[in-house]
Amino acid sequence: MSDQHDPAMERARIRAKKLRELYTHIGTYLSVCVLLVLIDLVTGSAGTSVIGLNWAYWPIIGWGIAVALHAITVAFPTQGGWEERKAEELYEKERQREMQRH
0 MSDQHDPAME RARIRAKKLR ELYTHIGTYL SVCVLLVLID LVTGSAGTSV
50 IGLNWAYWPI IGWGIAVALH AITVAFPTQG GWEERKAEEL YEKERQREMQ
100 RH
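Residue numbers for the sequence shown follow numbering that gives the first Met the number 0, so the first one is 0 and each next one is one higher.
Be aware that one or more of the hints could be misleading.
In silico DSS-like links for lysine-lysine, alpha-carbon gap of 30 Å or less [as the list claims (entries may be wrong)]:
{"hint": "1", "residue 1": "Lys85", "residue 2": "Lys17"}
{"hint": "2", "residue 1": "Lys16", "residue 2": "Lys85"}
{"hint": "3", "residue 1": "Lys16", "residue 2": "Lys92"}
{"hint": "4", "residue 1": "Lys92", "residue 2": "Lys17"}
I should point out that these hints are in silico values taken from the structure, not numbers from a laboratory.
Work the whole structure out from these sequences, hints included.
So this is what it looks like as structure tokens:
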């Protein structure tokens, strides 16, 4: 059996893709957080700030929650999730159509 049709290899490729997407998300998040903090520090007034920031902590917290949820879905994938079941269903329908054409 070739690697292309090996279900275990396909699952491993999907998992690797999801990890790459998570790492990209984390990298983007951290880069933007640094930029937001710098902008806030340069443009803000220290007298009205919370932990030295005026507003940057709000998007950092909100987006941080989204990153954490993303990490949880990658770390604890659901077995036989909806997407996989739907893909199998659509594949089976497509196979049936192909068989009817021939």
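Results for each hint:
1. Lys85 - Lys17: It holds: about 18 Å lies between the C-alpha atoms, which stays within 30 Å.
2. Lys16 - Lys85: With a Cα-Cα distance of about 19 Å, the restraint between Lys16 and Lys85 holds, given a limit of 30 Å.
3. Lys16 - Lys92: 26 Å, holds
4. Lys92 - Lys17: 27 Å, holds
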